[in-house]
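*Asks:* So the protein sequences, as listed, match chains A and B. Each residue of the first sequence is one higher than the one before, counting from 1 in this note's numbering. Each residue of the second sequence is one higher than the one before, counting from 1 in this note's numbering.
For the record, the hints were derived by calculation from the structure and aren't laboratory data. Bear in mind that the values here come from a model prediction, so they are computed numbers and not experimental data. The reader is advised that the hints may include incorrect statements.
To be verified - With the Cβ distance kept under 7 Å, some of the chain A side facing chain B (calculated, not the full set):
(1) D105
(2) L113
(3) S116
Ideal placement from N, C-alpha and C gives every residue a C-beta, glycine not left out.
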Amino acid sequence: MILTGFLKTVQLTFFGLIMGLILGILLAIGDLYGGKIISTIIKFYVEFFRGSPIIIQLFIFYFSVPIMLNIRLGSTIVGFIVFALNSAAYQKGYIKGAMESVYKDQMTAALSLGLSKVQAIMYVVLPQAMRIMIPGWSNEFSSLGKSTAAILIIGERDLTAIGRTIAFRTFRFLETYAFIALIYFIFISIVLKILDIIYEKIKIPTIEISA
Amino acid sequence: MGEQKKEAVGTPGGRRIADIILECRNLWKIYGKIVAVKDVSLEVKEGDIKLIFGPSGSGKSTLARCLAMLTTPTKGDVFLMGECLTKPGVDLNKARAKIGFVFQHIWLFHHLSALGNIELGLRRVLKLPKNEAREQAIQALKEVKMEEWANHFPAQLSGGQQQRVGIARALAMSPEIIILDEPTSALDPELTGEVIDTLRDLAKKGTTMLVISHEMPFAREVADEMIFLDEGMIVERGQPELFFTKPSSERARRFMARLIKLTRRE
Ligand SMILES: Nc1ncnc2c1ncn2[C@@H]1O[C@H](COP(=O)(O)OP(=O)(O)O)[C@@H](O)[C@H]1O
Ligand SMILES: [Mg+2]
Numbered sequence: 001m002i003l004t005g006f007l008k009t010v011q012l013t014f015f016g017l018i019m020g021l022i023l024g025i026l027l028a029i030g031d032l033y034g035g036k037i038i039s040t041i042i043k044f045y046v047e048f049f050r051g052s053p054i055i056i057q058l059f060i061f062y063f064s065v066p067i068m069l070n071i072r073l074g075s076t077i078v079g080f081i082v083f084a085l086n087s088a089a090y091q092k093g094y095i096k097g098a099m100e101s102v103y104k105d106q107m108t109a110a111l112s113l114g115l116s117k118v119q120a121i122m123y124v125v126l127p128q129a130m131r132i133m134i135p136g137w138s139n140e141f142s143s144l145g146k147s148t149a150a151i152l153i154i155g156e157r158d159l160t161a162i163g164r165t166i167a168f169r170t171f172r173f174l175e176t177y178a179f180i181a182l183i184y185f186i187f188i189s190i191v192l193k194i195l196d197i198i199y200e201k202i203k204i205p206t207i208e209i210s211a
Numbered sequence: 001m002g003e004q005k006k007e008a009v010g011t012p013g014g015r016r017i018a019d020i021i022l023e024c025r026n027l028w029k030i031y032g033k034i035v036a037v038k039d040v041s042l043e044v045k046e047g048d049i050k051l052i053f054g055p056s057g058s059g060k061s062t063l064a065r066c067l068a069m070l071t072t073p074t075k076g077d078v079f080l081m082g083e084c085l086t087k088p089g090v091d092l093n094k095a096r097a098k099i100g101f102v103f104q105h106i107w108l109f110h111h112l113s114a115l116g117n118i119e120l121g122l123r124r125v126l127k128l129p130k131n132e133a134r135e136q137a138i139q140a141l142k143e144v145k146m147e148e149w150a151n152h153f154p155a156q157l158s159g160g161q162q163q164r165v166g167i168a169r170a171l172a173m174s175p176e177i178i179i180l181d182e183p184t185s186a187l188d189p190e191l192t193g194e195v196i197d198t199l200r201d202l203a204k205k206g207t208t209m210l211v212i213s214h215e216m217p218f219a220r221e222v223a224d225e226m227i228f229l230d231e232g233m234i235v236e237r238g239q240p241e242l243f244f245t246k247p248s249s250e251r252a253r254r255f256m257a258r259l260i261k262l263t264r265r266e
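Construct all of the structure, not just a fragment, from the sequences and the given hints.
*Replies:* Written out as structure tokens, the structure reads:
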């Protein structure tokens, strides 16, 4: 039972993180190159998702959006959507920052070779921005991993929800929650370690490494 | 066709009236209240080496970037091989591929090796197959004597080596002209020599170049024309000997005197 809850948490986290990355890149590019109107829309989007409690966001997508659009959304789908959109709002900030830091000079150099703007972003700006962004990504991963727990509010059986059920059934609150916390801790630590290793692996070589 | 024409119009003086590669007419660049480039017209012919110099802030870089269409001129026109680049609808990427640019602060792609820096344009712009791109990139590195450093990353190279890769990167695209914006001024004095040597080699091969530089011995040796820029305007232009013997404008005279003094001190 704990395992299925854990898997749900892992799924939500990774899906949110990866969809958030893709959306975040699009948002960052839109913000940097899209002109004033697109930029303003993106700003509202980001402020909504960063500026409101994730529980409210879950409620909106679970209760209000289905009514507005006259569709039915299951709690799992809502989880995927909300965590992806939410994470995108945060990741957009990291990506944009990283892109800006490599943006101007490297972009100019790329354009001088005759690359188009899109090619320059693909082959020059993003590969460097991704490297710079990994520490930010680690932050986002650990905070997203933990905030997926909010999904129990719309009835999804993630790790925390399962923990709560067990705690109420056994009345061993302290042990159960401590154990659940430990699982989060181990999960997050392992992934952070992996990100760290990737970061070291793809780091751009400097003199120290060659020596 | 081009070759025939050149021979046909050869003049007894030894210099031939070659085709104009890059030209600007009445070019202006205005940033808010700053007039960075003020009504500049110049042309660079095939095989020409033009040298632009002038005080810091005089608009040299801005002019160079306008010529390469890396910034859009406020007014005036730029022509590459007779094609107007300042009209709407021109494929600027295509035009830029024909104009090599070497930057003062080098700006190699940090995440790519020396070879990778050169291959990028060959692969993605000229669309060469992998092997061919590699061969040409190695060839370009050989021309700047950097082939042994092909797999090093920018951060593993000295400033002078980086700039030579920067030159190779521009060169590899077989551009019609190479524009170099103070290619040695960001380097330590002891590293400028190797870059100047590279430029000398290019000059010997007849590469069409527009160089912004204050390396006066180099200028005197290779430039066909020197152009003195001040406050965004061409103040004086002519053969190097003019500047080294008797510049007619007071401003050029003073500036030359200062430069020569600086060079002597080194
Ligand atoms: N992107 C820019 N925005 C605003 N002002 C600029 C910009 N680029 C250059 N300038 C201004 O234009 C003038 C000429 O600069 P520049 O072309 O860099 O001169 P130089 O290369 O001769 O030192 C300077 O006053 C500079 O401050
Ligand atoms: Mg300059």
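*Asks:* A closest beta-carbon separation below 7 Å is what the hint needs, so does A:L113 meet it against chain B?
*Replies:* With a closest approach of 4 Å, the A:L113 hint holds.
*Asks:* Please check whether A:D105 passes as an interface residue: C-beta within 7 Å of a C-beta belonging to chain B.
*Replies:* Holds, because the Cβ-Cβ distance from A:D105 to chain B comes to roughly 5 Å (cut-off 7 Å).
*Asks:* A closest beta-carbon separation below 7 Å is what the hint needs, so does A:S116 meet it against chain B?
*Replies:* holds (5 Å)
The structure meets every hint from the earlier list without exception.
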